[in-house]
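Residue numbers (the numbering used here), protein chains in the order written: chain C, 1370 to 1481; chain X, 11 to 124.
Check the hints yourself; a few may be wrong.
Simulated coverage check for chain C against chain X, where a stretch passes if three residues somewhere in it have a Cβ under 8 Å from a Cβ of chain X [what the hints assert, rightly or not]: (1) 1410-1416; (2) 1469-1480.
For lysine to aspartate or glutamate, the following EDC-like pairs were computed, each having C-alpha atoms within a straight-line distance of at most 16 Å [unchecked claim]: (3) K52(X) <-> E1374(C); (4) K24(X) <-> D98(X); (5) K1468(C) <-> E62(X).
If you are wondering where the hints come from, they were derived from the structure by calculation, not from laboratory data. Given the structure is predicted, the values throughout are model-derived calculations rather than measurements. Where a beta carbon is used, it is the ideal one built from N, C-alpha and C, also for glycine.
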Amino acid sequence: QKEVEQNSGPLSVPEGAIASLNCTYSDRGSQSFFWYRQYSGKSPELIMSIYSNGDKEDGRFTAQLNKASQYVSLLIRDSQPSDSATYLCAVTGETSYDKVIFGPGTSLSVIP
Amino acid sequence: GAVVSQHPSRVICKSGTSVKIECRSLDFQATTMFWYRQFPKKSLMLMATSNEGSKATYEQGVEKDKFLINHASLTLSTLTVTSAHPEDSSFYICSVARGGGGYTFGSGTRLTVV
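Sequences and hints are given; from them, build the entire structure.
As structure tokens, this is what we get:
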């Protein structure tokens, strides 16, 4: 059974701080990794995708991937109240059409 | 990226009736779509993989006779919840696999069975 785990929440950070979200996965053959943001009652929206080891930056967001450790993280710099949401780590397998397995999510609250 | 339309966004039905949820890929020929369900404050649980022109692949524990999936064209997959019961009340979301590791989600359907 392929599993994706995330650090337990909820996570609270003050506005302007860095929020750090962590994720581990069990399938060593996984190739694609995603971070989705989900607001209550809405469907997930893609924040970041990462496919190779190292860091990937997009604005205030940085994703980090370490395949050897089977670990992927998301850093949110200069956190804003609008970043308050549930963040879902998602992992797919070896093909372009593999199913996406989601982690349980981490709830983030950014306190003004 | 692909645009995915999911309909209806919200439905209330009586126990014992069937409900059909549509997922349309508006600008991408989707050979593969996925159906998820999500309970309150829980993550998305994959129910099945829908493949155009063939039978869907269901995840362990998902009743294929209860959750009927049809993917008859490259732009439409449907999920029918048959003989719905209150425990089927959930948020159902479809997603389209665009290839290259990209996925686009529909807006979701909130099903309430009374």
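(Q) Can you confirm whether the C-alpha distance between K1468(C) and E62(X) stays at or below 16 Å? (A) holds (15 Å)
**Q.** Within 8 Å of chain X's CB atoms, at least three CB atoms from the segment 1469-1480 of chain C: coverage verdict
**A.** holds (count 6)
Q: Could you grab the alpha-carbon distance between K24(X) and D98(X) and see if it respects the 16 Å cut-off?
A: holds (11 Å)
Q: Verify the coverage statement for the segment 1410-1416 of chain C against chain X, using a C-beta to C-beta distance below 8 Å and requiring 3 or more qualifying residues.
A: holds (count 6)
Q.
Just to be careful, I want the Cα atoms of K52(X) and E1374(C) compared with a cutoff of 16 Å; is the pair within it?
A. This hinted pair holds, its Cα atoms lying about 13 Å apart.
The structure is consistent with each of the numbered hints, conforming to all of them.
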